[in-house]
Amino acid sequence: MRQSLITALLVWSNWASASAHTFPVRDVPAVIGMDLYGSKISKPLQKRDTATLATNVLNETAYFINVSIGTPPQPIGMLVDLLTPEFYVITEDTNYENSKCRENSLCTSFGSYNISESSSNSTKEIPSKYKWSSSPDTIRTDIITIGGTQVKDVGLSLIKVTYESWNSIGLSPENTSFPYHLVNQDLIRSPSFSIWGNTSESGGAGILFGGINKAKYHGPLQAFGFNITTGLVLLPLSRFQVQTDSNVPTNYTISSPKPYKLSTQYITTTLPKDIVLQMYKDYNISFVGWEGEDPQFGLLPCSRKTENHTVSLIFGEATISASWSDLFRPWDSQYGERCVFLIQPEDEEDDTFAGTIGTSFSDHMYMAINYNNAFVGVAALNGNPGPDDIVEIGDGPEIPDAVGDFPTSIVPYTKPTSTASTSTSTGLASMPTYMSGGMFVGVAGAALVAAF
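For the sequence shown, position 130 matches number 130 in full-length UniProt numbering, and the numbering has no gaps at all.
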């Protein structure tokens, strides 16, 4: 049986009495925690249910949490998204055809928000996202219940029912994302959270806002600073390796100094092309692509998933390992028993990052992210955790139980003075365009071109 993450949810009423450089350990920590669901979970999420995830392509690529919105509560499944700050939620639009939730698989799987059924919804004005505009934007707000705690006045980016729309909770570094909202309401001390995957049926993935759970990983955390202005959570990768039985591992050194972005929505890990192609050659993986296009990803017989290899990513002194079989996903049946290999060449040229760390590895990783000091700490998961050992992340320059080149001091985030006023707009927003990286599973009807 899955054990729910047991955390206490209280407002810390007297933070001023605590040292800015200590990490409080209290009987009732000021944190918010809840279960996280991902690719290891098989039970589908039904509308108005509190189960896990949907029967669509996302169930192999992303992490989800269950929240409720409004009064009375409307249960909603939310994609956890490190790449955006918005709180996107689907709402039905009666003014358009084919906009009913029942006509869209993502909407029926994760649920939708009905404004008219919530007595606690309201609107407020916020500064325009366009620098040239002096007129404020108007957004819809409502109560979000997460991990048993009510969070008031959360700004909602309402999206219409479309094929490419889904609910998501934005946790990116921008100071409008959900962790900052928790600080604004004095529910946690700093815009921070930790998140961990799920390596066994007895263990549970989870997310903890405002703290770390030392029982969930093999410490200490290895901490690295990142450029918060990119809007991404970035992590340096020194090398990766493939281990076969007791043989000497095959090591692949990462030459690019650029870091790698962390993702909770794509299962694929992308690395520099030259390194990946050498690994494909060493382990007899075909490099293929769509008909008429250059090769883009690896393909191999599914029967090879039983081979005894372990693939590891090394971040400083932290080694995160995935079994060979974790990196296989079935390809379309018309090509026989073929599987996509989930380490692929990075094909997006970007000055900010060199690739992506996908959920096939983050399933085995503990991540503590603190936007106050722009550091992320990582460690290998503890497959047999003991009782919870929760420590708050304070507003000082460090992450608790972490080793890193931390600054001697920082200017911590402080909540703004409210200047909101009410209005009457529906606040409909446009859904961002998500890259389809890693979502090859179940795609039919495409011809392949082998590179070697």
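The hints are simulated quantities; they were obtained by calculation from the structure and are not laboratory data.
Take these hints with a grain of salt, some might be off.
[Unchecked claim] Straight-line distance between alpha carbons at most 30 Å, and here's what the computed DSS-like set of lysine-lysine pairs gives:
{"id": "1", "residue 1": "Lys-124", "residue 2": "Lys-100"}
{"id": "2", "residue 1": "Lys-160", "residue 2": "Lys-258"}
{"id": "3", "residue 1": "Lys-305", "residue 2": "Lys-124"}
{"id": "4", "residue 1": "Lys-258", "residue 2": "Lys-281"}
{"id": "5", "residue 1": "Lys-100", "residue 2": "Lys-305"}
{"id": "6", "residue 1": "Lys-124", "residue 2": "Lys-152"}
{"id": "7", "residue 1": "Lys-273", "residue 2": "Lys-305"}
{"id": "8", "residue 1": "Lys-305", "residue 2": "Lys-281"}
Here the structure is a predicted model, which is why all the values come from computation and not from measurement.
Against the structure, the hints come out as follows:
Between Lys-124 and Lys-100 the CA atoms are separated by roughly 27 Å; this keeps the pair inside 30 Å, and the hint holds. Distance hint between Lys-160 and Lys-258 is unfulfilled; the C-alpha atoms sit about 37 Å from each other, more than 30 Å. For a cut-off of 30 Å, the pair hint linking Lys-305 to Lys-124 is broken: about 53 Å separates their Cα positions. About 24 Å separates the Cα atoms of Lys-258 and Lys-281, which keeps this hinted pair within 30 Å; it holds.
The straight-line distance between the Cα atoms of Lys-100 and Lys-305 is roughly 41 Å, outside the 30 Å bound, and the hint therefore fails. At most 30 Å may separate the alpha-carbon atoms for a hinted pair to count; Lys-124 and Lys-152 meet this at roughly 13 Å. Pair hint Lys-273 plus Lys-305 holds up; C-alpha atoms about 23 Å apart against a cutoff of 30 Å. Distance restraint check for Lys-305 and Lys-281: the Cα-Cα separation of roughly 17 Å lies within the 30 Å cut-off, and the hinted pair is therefore satisfied.
In summary, the numbered hints that this structure violates are 2, 3, 5.
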